[in-house]
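Given only the sequences and the hints, what does the whole structure look like? Please build it.
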Amino acid sequence: MQRPSGPVTTPKQTVITGCDDLGATVSAALAEKGYVVTVLDPRPEAFDRLPRDLVQQDRIIVVVGDATRHEDLRRASVRDADAFMALSGSDSENALVGQLAKHVYHVPTVVCRIDDPTMQGMYTRLGLDAISGTALVARAVLEADV
Amino acid sequence: MYVVIAGGGRLGASLAAWLISGGHEVSVVDFDRAACVRLDETLGSVSVLGNCIEAEALARAGTNRADVFAATTRDDGVNMVACQLARHHFGVSRTMSVVNNRDNADLFGLLGIGASVDVTNLVLGGFQEGFSTRGMMHLMPMTSIDGKTLVSVKIPPIAGTEERLLGRIPLPEGTLVTLVITRDGSVSIPTAETTIKAGDEIVVVTTATAEEELREVLIGPLVE
Chain S
17 MQRPSGPVTT PKQTVITGCD DLGATVSAAL AEKGYVVTVL DPRPEAFDRL
67 PRDLVQQDRI IVVVGDATRH EDLRRASVRD ADAFMALSGS DSENALVGQL
117 AKHVYHVPTV VCRIDDPTMQ GMYTRLGLDA ISGTALVARA VLEADV
Chain D
334 MYVVIAGGGR LGASLAAWLI SGGHEVSVVD FDRAACVRLD ETLGSVSVLG
384 NCIEAEALAR AGTNRADVFA ATTRDDGVNM VACQLARHHF GVSRTMSVVN
434 NRDNADLFGL LGIGASVDVT NLVLGGFQEG FSTRGMMHLM PMTSIDGKTL
484 VSVKIPPIAG TEERLLGRIP LPEGTLVTLV ITRDGSVSIP TAETTIKAGD
534 EIVVVTTATA EEELREVLIG PLVE
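Heads up: the sequence lines are chains S and D, in that order.
Numbering-wise, the first sequence is residues 17 to 162 according to the numbering used here.
Numbering-wise, the second sequence is residues 334 to 557 according to the numbering used here.
Where hints are given, some of them may not hold.
Output of the computed footprint for chain D on chain S, the stretches with three or more beta carbons under 8 angstroms from beta carbons of chain D [unchecked claim]:
no., region
1, 77-87
2, 98-109
3, 115-122
4, 131-138
Covered, in the sense of this in silico footprint (three residues per stretch, anywhere, with C-beta under 8 angstroms from a C-beta of chain S), are these stretches of chain D [claimed, not checked]:
no., region
5, 381-393
6, 405-414
7, 438-452
The hints are simulated quantities; they were obtained by calculation from the structure and are not laboratory data.
The beta-carbon is built from N, C-alpha and C at its ideal position, and this holds for glycine as well.
What follows is the structure, encoded as structure tokens:
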């Protein structure tokens with residue numbers, strides 16, 4: 017296995033809320049890159065989407081809980097996080113927990129999935145890194161050679 | 334004054350009725366058709382059927398000309414987004430919201446949304462604390478950046494101390510004893526010379542960070 021060269025550093029801690037296909041895919045990709053990922057979702061069965069080996073090796077830590085409850089966010093180590101990604105299917109939940117992570121828990125990097133275009137524009141103007149799946153797919157489609 | 338209310342449940346409907354009785358103009362946005370019918374039957378045509386986190390519904394409610402926007406739903410995420418849309422997308426300068434989970438009150442304050450903590454949850458929280466911890470009960474959060482809160486502490490008998498001089502108790506920084514209620518019910522504003530006895534109840538302004546230390550000096554550590 018190839019190891020990164022240079023000084024050994026503590027792996028970056030990332031918290032992801034919402035373990036739908038998007039949350040699961042991002043979790044696996046970041047864990048493969050050497051991040052320690054904690055995934056929070058209220059539905060235990062949602063974690064079936066994660067690669068089993070990464071969970072068994074504790075490279076992805078799963079926490080059953082509600083991201084809108086502060087005690088659950090803290091159980092998911094929000095206080096130690098270098099990055100926080102709110103990726104659930106609910107725009108309002110993502111906006112709430114994303115702003116909690118940014119303004120209350122002071123996580124340095126926060127990314128929120130906001131699919132509603134008006135909300136996405138507003139939160140971008142408010143300084144939140146708000147990404148919209150719809151907008152990204154639309155751009156990819158428009159940029160494709162047709 | 335024109336007020337747009339997000340959520341037509343019990344709180345939203347009561348607020349709307351109160352505003353109308355004061356001569357104000359009101360619209361209430363709710364996505365539940367039955368709730369809208371109920372509102373219109375009791376208050377005249379005030380309802381706007383729609384999702385209050387969608388700009389389109391808020392536009393239909395005339396949010397752009399609202400003097401005040403008030404969010405009253407059971408979902409803090411929805412309340413927050415609705416107030417932020419009203420403020421930043423429609424330019425409403427005064428927004429206020431009920432906060433269902435009081436842990437969110439600080440965030441709402443930071444975002445410039447006037448926040449009012451739901452009393453039902455506050456009372457429930459008081460009961461839950463009564464079951465889970467000894468002697469300290471949260472009375473109410475106080476609007477402030479550093480999370481000041483008013484707590485009530487029932488002084489238990491502590492081994493070896495009959496009574497303690499308030500000035501001698503090493504209270505953590507940022508806490509202030511505001512009121513002492515003795516066992517026989519007399520109420521006084523304390524000074525450093527006031528003595529605290531087992532069975533007294535004291536009302537203290539403290540902060541989230543100082544709370545554990547306060548508990549420790551007044552009632553002893555949590556572990557039995």
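Against the structure, the hints come out as follows:
Counting residues of the region 77-87 of chain S whose CB falls under 8 angstroms from any CB of chain D gives 3; the rule of at least 3 is met. Only residues whose C-beta sits within less than 8 angstroms of a C-beta in chain D count toward coverage, and the region 98-109 of chain S has 4 of them, enough to reach three; the restraint holds. Remark: the region 115-122 of chain S is confirmed as covered by chain D, as 4 of its residues place a Cβ nearer than 8 angstroms to a Cβ of that chain, reaching the required three. For the region 131-138 of chain S, the stated coverage by chain D holds: 4 residues have a C-beta nearer than 8 angstroms to a C-beta of that chain, and at least 3 were required.
Check result for the region 381-393 of chain D against chain S: holds, 3 residues qualifying (beta carbon to beta carbon below 8 angstroms, three or more required). Beta-carbon proximity to chain S at under 8 angstroms applies to 6 residues in the region 405-414 of chain D; the threshold of 3 is reached and the given coverage holds. Counting residues of the region 438-452 of chain D whose C-beta sits closer than 8 angstroms to any C-beta of chain S gives 4, which meets the bar of three, so the coverage hint holds.
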